[in-house]
Amino acid sequence: MNRYIISFIILFSFLSGVDSSNPVEEIDETQLRFKVSMATRTESPPIIDGVINDDVWKNAELINDFIQFEPFNLAAPSTQTETRVLYDDDFLYVAFNNFDPDPETIMARVARRDDWQSGFGFNSDWVGIGIDSRNDDKNGYWFAVNAAEVQIDVVISGDGRNAFDNTWDAVWDSKVFHHEKGWSVEFRIPFNIFQFSKEQIQEWGASFQRGYYRTQEEMQWPGRGIGVRGYVPHYGILRGIENIPQPKQLELMPYVLGGETRNGTVERTRNFGLDAQYTLSSNSTMNLTFNPDFGQVEADPSVLNLSAFETRLDERRPFFVESAAFFKSRINLFHSRRIGQRPNYFSPDKGSITERPDNTTILGAAKILGETSAGIRYGLINAVTNEEYGTWEYDEGGQLKREKFLIEPYTNYFIGRVELPVINDISTIGFMATDLRRQNGNASNAFNLDWRLKFQDNKLHFAGQVAHTRSIDKPGNAGRFSVSYRHPVWWDGFIWGGIFDRNFDVNDMGFMRRNNNWDMGIRGNIRRDVPKGIFLKQSLSMRASLMGTGDGLITRKEIDISQENTFMNYWGIGWGVEIRPEVFEDDDLFRDSRAMVYKDEAVQEYEINISTDRRKRIIISPNVKYTHGKVRGWGHSYNLMLMIRPTDYINFSVATHNGDHPSSMQWVGIEEDSVRTHIIYATTEQKMQNINFRLNWAFSPTMTFEAFYQPFKIDMDYVTYNRLVEEKTDKVEPYNYMGDEDFKINNQVGTFVFRWEYSPGSLLYVVYNLNDNRYFSSAEEEWYNTKANSLFVKLNYFFQT
1387 MNRYIISFII
1397 LFSFLSGVDS
1407 SNPVEEIDET
1417 QLRFKVSMAT
1427 RTESPPIIDG
1437 VINDDVWKNA
1447 ELINDFIQFE
1457 PFNLAAPSTQ
1467 TETRVLYDDD
1477 FLYVAFNNFD
1487 PDPETIMARV
1497 ARRDDWQSGF
1507 GFNSDWVGIG
1517 IDSRNDDKNG
1527 YWFAVNAAEV
1537 QIDVVISGDG
1547 RNAFDNTWDA
1557 VWDSKVFHHE
1567 KGWSVEFRIP
1577 FNIFQFSKEQ
1587 IQEWGASFQR
1597 GYYRTQEEMQ
1607 WPGRGIGVRG
1617 YVPHYGILRG
1627 IENIPQPKQL
1637 ELMPYVLGGE
1647 TRNGTVERTR
1657 NFGLDAQYTL
1667 SSNSTMNLTF
1677 NPDFGQVEAD
1687 PSVLNLSAFE
1697 TRLDERRPFF
1707 VESAAFFKSR
1717 INLFHSRRIG
1727 QRPNYFSPDK
1737 GSITERPDNT
1747 TILGAAKILG
1757 ETSAGIRYGL
1767 INAVTNEEYG
1777 TWEYDEGGQL
1787 KREKFLIEPY
1797 TNYFIGRVEL
1807 PVINDISTIG
1817 FMATDLRRQN
1827 GNASNAFNLD
1837 WRLKFQDNKL
1847 HFAGQVAHTR
1857 SIDKPGNAGR
1867 FSVSYRHPVW
1877 WDGFIWGGIF
1887 DRNFDVNDMG
1897 FMRRNNNWDM
1907 GIRGNIRRDV
1917 PKGIFLKQSL
1927 SMRASLMGTG
1937 DGLITRKEID
1947 ISQENTFMNY
1957 WGIGWGVEIR
1967 PEVFEDDDLF
1977 RDSRAMVYKD
1987 EAVQEYEINI
1997 STDRRKRIII
2007 SPNVKYTHGK
2017 VRGWGHSYNL
2027 MLMIRPTDYI
2037 NFSVATHNGD
2047 HPSSMQWVGI
2057 EEDSVRTHII
2067 YATTEQKMQN
2077 INFRLNWAFS
2087 PTMTFEAFYQ
2097 PFKIDMDYVT
2107 YNRLVEEKTD
2117 KVEPYNYMGD
2127 EDFKINNQVG
2137 TFVFRWEYSP
2147 GSLLYVVYNL
2157 NDNRYFSSAE
2167 EEWYNTKANS
2177 LFVKLNYFFQ
2187 T
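Every position in the sequence shown, counted from 1, becomes a number in the working numbering once 1386 is added.
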């Protein structure tokens, strides 16, 4: 009965309602990208004050034929926007005049630079400029300013959300002026931050956008269909830029740092370093960092990982995040967190390492990125890390001895990638290589060939990758492919597959969970991107996937369906169902070769989520999820996202997770006696409480305070202990395990950052890092506490020659 009710809800929601969209003039969206705008050379630069009253602006061509991107795609906008473009030998100047019939309702939220969610998007009035200075339809820049004069700048490469790299921070100027008919903005962007050809007559791609808070509109020139993929390929044409000199520039940013860390003792730190960027040519740059410090970067959150594999941590360090998309691939040959990770390469034959540094010191790193006149892109990264020592404790003749022990040697990391255009303007084929060299240690390298072929005006994608690794003279191979199609109006589909042999290993410089496996799957999505009836947007997604090993085992089966609705009042509701039939589980063989494959039970998962109006000062998004297995029983998680914006410059959010996560086969260990080897598992009850507090307080666009605080609690109860009776079955029998594996975790992690951009590009940071970890062992009936709380002040200064 329930399935008929669900089917009726889905069918009714997609078919009901009267089309409420604005009248849309017939527009051929495939021709929008051929619209032309003109930049006008000026001999006297305009004064950048936000007031568009300089006489030079009268000479610039007017651009005012904006169209809506959303909510009513390709419809006429509800208010007028005017844009003009000027330039001289050094700068590109852009002016926006944003008319508003009710200027009192202009939303001007103050936020930190590059904070899209708080200061842009659907939360403020803003304008933006997209520039494709290479005119390659693949890579671009985007600059935006909101009505409170907050700036954002990003580099764009590729499709989807990951296409935007907001760690790129250029030095440019903008000013906002509010007037009786709306508000206006002036931009001054230096040419030396762009990469462009040596031609005397330039032709660039360009796009202009406006976010209109009151009606939740985004208006664009030249405009694009809401269902199409990509950003830069849909830019219009910017002509008129001629005879601009090739940029040559050196940017330097030295820093000094001081502070202390308390972890039982007080460790005082004094440090200095240098970041530099040199423009090698109009199409290539080199970044250097010497003795870098990343103390202002947010701390890694607490997680519980009871699997056989390591936790993948996100990269947040600016040097490695900037332009990282060029080196990314589905088979992850380069995971930049390997550079500077906690030292652990060498270990003693006896005893143990009782103290070790949290990170390996990076002595220096260099990065070169560029593009040839033939459109061939290239990138190189090289980094060198220092040797690190730990404290070695061992017993000798009944006496405890301590010595300094080398745990990480000098290491050199090299990554290189070349990408060539093929077939058309937006398709590429690439080659990548990594090489790791340790002093007195093993070397490893990996090679990769990948392709991203795009057809039918970017609707059809065929992507793939083959990779080869060599570590300790063991060659390994892997490959992946995918085919996807996105219909511009109502559906999209995706098919994928991959295979990894048992010797393939990228974990010296890359990241992978495991090898000796394969996977394949299919996903389909039906969507409505334009308003209809009571719905602003809707989507229905279905996915099926399969995973197995090279030994013929099926280790994962998944079927899921999910549906999302956004209503005209901007509330949202969605639900999902996931079914995982019983499969074989071999992960524990990666812990201990004596482990055995067992049959894991079938699990079902049910989820529902609700979100309130995103325009309001208080937004609530609850999520409820239930899971069920025959042996483990019912589990649940209750999640709540609460966002509060009491003023236009304060943003406070709380994300909570309270869950009860039972398991039927939790690994315990292996015990041997004179009769047999016992593979021991347990049924467990895991209670988790995870809360993430965030506070963003913007005193001005250049002065902010940001706080992240995470209390994290786990109560892990090993209920019954069993031994696996027979391999490749789920047959277990009670086992008299003498240990007690129960534990509790009570951690507090936080990062509190005061940031002041006291001069363009120059920053002062005051950072407090909280790291308080507490672990309770039931076997030893004792709490263990480790702390490493630190306070640092970091000052850097930007200048260019």
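Take these hints with a grain of salt, some might be off.
Claimed, not checked - With a straight-line Cα cutoff of 30 Å, these simulated DSS-like cross-link-like pairs (lysine-lysine) come out: (1) Lys2016 / Lys2099; (2) Lys2130 / Lys2011; (3) Lys2173 / Lys1787; (4) Lys2117 / Lys2011; (5) Lys1714 / Lys1567.
I should point out that these hints are in silico values taken from the structure, not numbers from a laboratory. Keep in mind that this is a model prediction, so the values were computed, not measured.
Structure-based check of each hint:
This hinted pair checks out: Lys2016 and Lys2099 have alpha carbons roughly 27 Å apart, not beyond 30 Å. Distance restraint check for Lys2130 and Lys2011: the Cα-Cα separation of roughly 23 Å lies within the 30 Å cut-off, and the hinted pair is therefore satisfied. The hinted pair formed by Lys2173 and Lys1787 meets the criterion: a straight-line CA distance of about 25 Å does not exceed 30 Å. Note on Lys2117 and Lys2011: the hinted pairing holds, with a Cα-Cα distance of about 29 Å set against a maximum of 30 Å.
The hinted pair formed by Lys1714 and Lys1567 fails the criterion: a straight-line CA distance of about 46 Å is larger than 30 Å.
When held up to the earlier numbered hints, the structure conflicts with hint 5 and nothing else.
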